[in-house]
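Asks: Letter by letter, the chains look like this.
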Amino acid sequence: MERTVLDLWVGVFVAAGIAALLVLALKVGNASTTFNVGETYRLIAEFDNIGGLKVRAPVKSAGVVVGRVDDIQFENQRFVARVAMKIDKRYAFPKDTSVSILTSGLLGEQYIGLDAGGDSAMLKDGDTVKITQSALVLEKLIGQFLYNKAAEGGAK
Amino acid sequence: MKNLRGIGHQVVNGVWRLGYAARFFLLTLLRSATSFRRFRLTVKEIYFAGVLSLIIISVSGLFVGMVLGLQGYETLQKYGASEAVGTLVALSLTRELGPVVAALLFASRAGSAMTAEIGLMKATEQISAMEMMAVDPIARVIGPRFWGGVISMPLLAAMFSVVGVFGGYLITVVLIGVDEGAFWSQMQSAVDFRQDIVNGVIKSVVFGVAVTAIALFEGYDAPPTAEGVSGATTRTVVTSSLAILGLDFVLTAFMFTGV
Chain A
1 MERTVLDLWV GVFVAAGIAA LLVLALKVGN ASTTFNVGET YRLIAEFDNI GGLKVRAPVK
61 SAGVVVGRVD DIQFENQRFV ARVAMKIDKR YAFPKDTSVS ILTSGLLGEQ YIGLDAGGDS
121 AMLKDGDTVK ITQSALVLEK LIGQFLYNKA AEGGAK
Chain B
1 MKNLRGIGHQ VVNGVWRLGY AARFFLLTLL RSATSFRRFR LTVKEIYFAG VLSLIIISVS
61 GLFVGMVLGL QGYETLQKYG ASEAVGTLVA LSLTRELGPV VAALLFASRA GSAMTAEIGL
121 MKATEQISAM EMMAVDPIAR VIGPRFWGGV ISMPLLAAMF SVVGVFGGYL ITVVLIGVDE
181 GAFWSQMQSA VDFRQDIVNG VIKSVVFGVA VTAIALFEGY DAPPTAEGVS GATTRTVVTS
241 SLAILGLDFV LTAFMFTGV
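Residue numbers (the numbering used here), protein chains in the order written: chain A, 1 to 156; chain B, 1 to 259.
Be aware that one or more of the hints could be misleading.
To give a feel for the contact side, a few chain B residues facing chain A, derived at Cβ under 10 Å [as the list claims (entries may be wrong)]: (1) V51; (2) A134; (3) D136; (4) A158.
The hints are simulated quantities; they were obtained by calculation from the structure and are not laboratory data.
Each residue gets a CB set at the ideal place from its N, CA and C atoms; glycine is no exception.
Could you build the full structure based on these sequences and the hints that come with them?
Replies: Structure below.
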């Protein structure tokens, strides 16, 4: 085979392969929205119960993804879950922002919702968010419901 | 007594062959400087291993993606989650099917060709002739083929995944009519660059090394007869397919569990 033709084909092949990797990264994957290290800051929140929250779960405010869950640990002194979040540097939140664990849909994945407060001071890197609301645990909810029903039945 | 000796013979032979293969592999790595100094040799092998495998890889990728889309849609729509079909197709392709199926095809398309070529070179004493001329056959023949295969494999796997995702898109969005925005956005929110795509690429590199190393060793080790070459070619496909599946299990166990 002609040397230049062979070179051309190999060039096309390698270029197509690299293009495929780029398409995978940008169109299929989340490389375009992944927040790089250095462009994020860390917030800590403590919850009594995180339900099924996982590392890398989205952190949303007003429904928009503003960060990701970075780390989840059990705090053995006060028996709570310590959740570290990485928030995009472009977004700042007031000091009295409340953090809650929500579920997308009835059985969907769990994510963290940020509800901005009205404080003029903003949260900084490494701050701990004070106001938190734990995940709803379905079993507890059903248990409570049944208990209430039983109490109603007893009163009649 | 005789049977026992038979078992022992088998085991000793197996271990000896394994050691021989490991030494061959190390020697290939040590003498691979030629493959990069005379990069033209490697480019030629990328053509034979990579470019010529393009058609089978893209056609298989397209159909695998289309089938995934169709089957995924059938099941997911029962739960009212038909938009998640994009996630299903993309995750299965980038994590598992892309690297594994592309490697299996690569083993049968390019690996068997390498074994047959080197086996025949040995049978027609071209390799001995090279040694006579003080040309190192491992540096001149084996090295470029090895690196050509290792470079081609991840590119082929990435193309397989992309074409597969496109196939899934064709079936579910264009043909069935799943919402296009939800298809892409759910896919993008579920597929992580580091976790899914980079791990898929690592897998395909490992498979590339395994398949080419096995194919080259079987060719180099083939008895110099017609039967020997045909047996070596068969062994290449069988051994490398098993190696791909076994390695895939190990890699998956390390990569995607214990988060």
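Asks: For the hint on V51/B, just tell me whether its beta-carbon gets within less than 10 Å of chain A.
Replies: holds (5 Å)
Asks: The hint names D136/B as touching chain A; please verify it with the least Cβ-Cβ distance against 10 Å.
Replies: Since chain A brings no Cβ nearer than about 24 Å to D136/B, farther than 10 Å, the hint is violated.
Asks: Hint A158/B vs chain A: min CB-CB distance below 10 Å?
Replies: Constraint on A158/B satisfied, holds at 4 Å.
Asks: Let me know if the C-beta of A134/B comes in closer than 10 Å to any C-beta of chain A, holds or violated.
Replies: Violated, because the Cβ-Cβ distance from A134/B to chain A comes to roughly 26 Å (cut-off 10 Å).
Going down the numbered hints, you'll see the structure goes against 2, 3, while the others check out.
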